[in-house]
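**Q** As a plain string of letters, each chain reads:
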Amino acid sequence: MKIEIKDLNIFYQDKQAVFGLNLGIPANQILSVIGPANSGITSLLRSLNRLIDLTPDVRTEGRILIDGKSVYDSDVNVTELRRRVGMVFDVPTPLPISIFDNVAYGPRLRGKKGAGALSETVEEALRMAALWDDVKNRLKAPAMSLSGGQQQRLCIARVLALKPEVILLDRPCSGLDPISTAKIEDSLTQLKERFTIIIAPHNVQQAGRISNRVAFMLMGRLIEEGTNTEIFSNPKDQRTSDYVTGRFG
Amino acid sequence: MKKFKEKLSGRVFFALALSSISALALITVFIIVQGVPIIAEVGFVNFIFGMSWAPSHGEYGIFPMIIGSVTVTLGAAILGVPVGLCCAIFLSEFAPARLRNLFRPAIQLLAGIPSVVYGFWGLLFIVPFIRNVLGGPGLSILAGAVILAIMILPTVISISEVSILALPRQYKEGALALGLTHWQTIRSVILPSAKSGIVAAVILGVGRAIGETMAVIMVLGNAVAVPTSILDPVRTLTTNIGIEMGYASGPHRQALFATGIVLFVIIMALNSTAQYITRKK
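Residue numbers (our numbering), protein chains in the order written: chain F, 1 to 249; chain E, 1001 to 1281.
To be clear, the hints were calculated from the coordinates, so they are not data collected in a lab. Glycine residues also receive a C-beta, built at the ideal position from the N, C-alpha and C atoms. Among the hints, a few may not be true.
[Unchecked claim] Partial chain F-side listing against chain E, Cβ under 8 Å, derived:
#: 1; residue: 51
#: 2; residue: 96
#: 3; residue: 204
[Claimed, not checked] Which bits of chain F does chain E cover? Going by a derived footprint, with three or more residues having C-beta under 8 Å, they are:
#: 4; region: 67-76
#: 5; region: 155-164
The shape of chain F in the complex, shown without the other chains:
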């Protein structure tokens, strides 16, 4: 298991968002975490790279192990953790600089200086995110000039350029058109060869299309987790069955 989550509880002040969650996530697969709004999915994702620490009055209990090492250990460098566990958000968040600089940003701060090596990294990341052909002739253009779908792929490329081990995607296609969504899904299925991907898909169909494993959460509790086939064709829990067949949610 790449990631092991043991008895995770997350509280916002007095309100509990995640209840006693246990989950193992294998490497080089796509895990979809599905469930209706307010199921604690975003809280779960944000706890994996400790971005949740930014929220005031948040408290987490339990253990999250990546490669057997707890992310809450006192000797863990949070900055380094976030490089290893990259994240893409529901709203594309390009920085207000050029396309090239957006992708080169992380590597540059990590000390990669040579122009040749840098542009190689940028090209590789943009190719992996299926954006290279769209932007190769205008790398110096501002990132804000891209369409929504392109901006989101740019954000994925930006994460990839850091060579992370795990990629978290929190409803990355929620504001995108079907064609952009298809492109992102395509690149994700290719990327799983090299990364561990955890995605909160924006609907059940997307989970069905791209994931190897699916976890179903409801009201902060993990109801069921299994392979794609198990969850969609043969769910053990009635609630899972109701949700994936669209009876609620």
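Assemble chain E onto chain F, guided by the hints.
**A** The following block gives chain E in isolation, referenced to the frame of chain F:
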């Protein structure tokens, strides 16, 4: 009936908006009408670059006062902007909520202190301090710059802070999720993104400093001479008007209005620069 109400309210708002614009227009026209004749009489170059201000002898050169305004304002910016900006970063990025709730009203209170009180305080504390520690008369550019630096803090702090807080939360989170440290995020994402707001804050602060009269009258010494050090007394464009307005008449009064025109142009230029930078991004 409803349509009539809509139309009427539109007209009323338009009229009120127009009244504020027309106040500006009237004042502008008035200053120009009053001031331009004397500039024409003395000559533009002689007026702006003239070194001698002796209204009783018909000499109207305001160059020493332009230098006075520029040096005092520049000094205020050099002292006040870094402090204000750091304070804004601290409040928006580092301060815990309790501390922030204590700091923010305190800073706003700073803006509520009447400028004459600043001047009085400066005269009693800053001026003797400079005289005893650094030498010179104490009434000096430095004293004015210190007072103005404190006076522009609320402007610089609150506008920069607002522009930092107005950034989409995702900028910060995206940067942190990329593995940037908090400081790297501030330096390379937050500050550049909030740049236009911060520049506007600085320029509005500078605008406030250059227009301030009362506080600096009391601490600048008001000598009409081009200064050679920051410990020399100077007179600014505003204090020139403030000091002589009471007894000026005829061409002397026109010359004070002409000083006002110069001030007006400087502030217009500052504001246009601010707008240009904000738009350019």
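**Q** Next step is simple, just say for each hint if it's right about the structure.
**A** Hints, verified against the model:
{"no.": "1", "hint": "51", "result": "6 Å, holds"}
{"no.": "2", "hint": "96", "result": "6 Å, holds"}
{"no.": "3", "hint": "204", "result": "26 Å, violated"}
{"no.": "4", "hint": "67-76", "result": "violated (count 0)"}
{"no.": "5", "hint": "155-164", "result": "holds (count 4)"}
In terms of the numbered hints stated before, the structure departs from hints 3 and 4, listed from lowest to highest.
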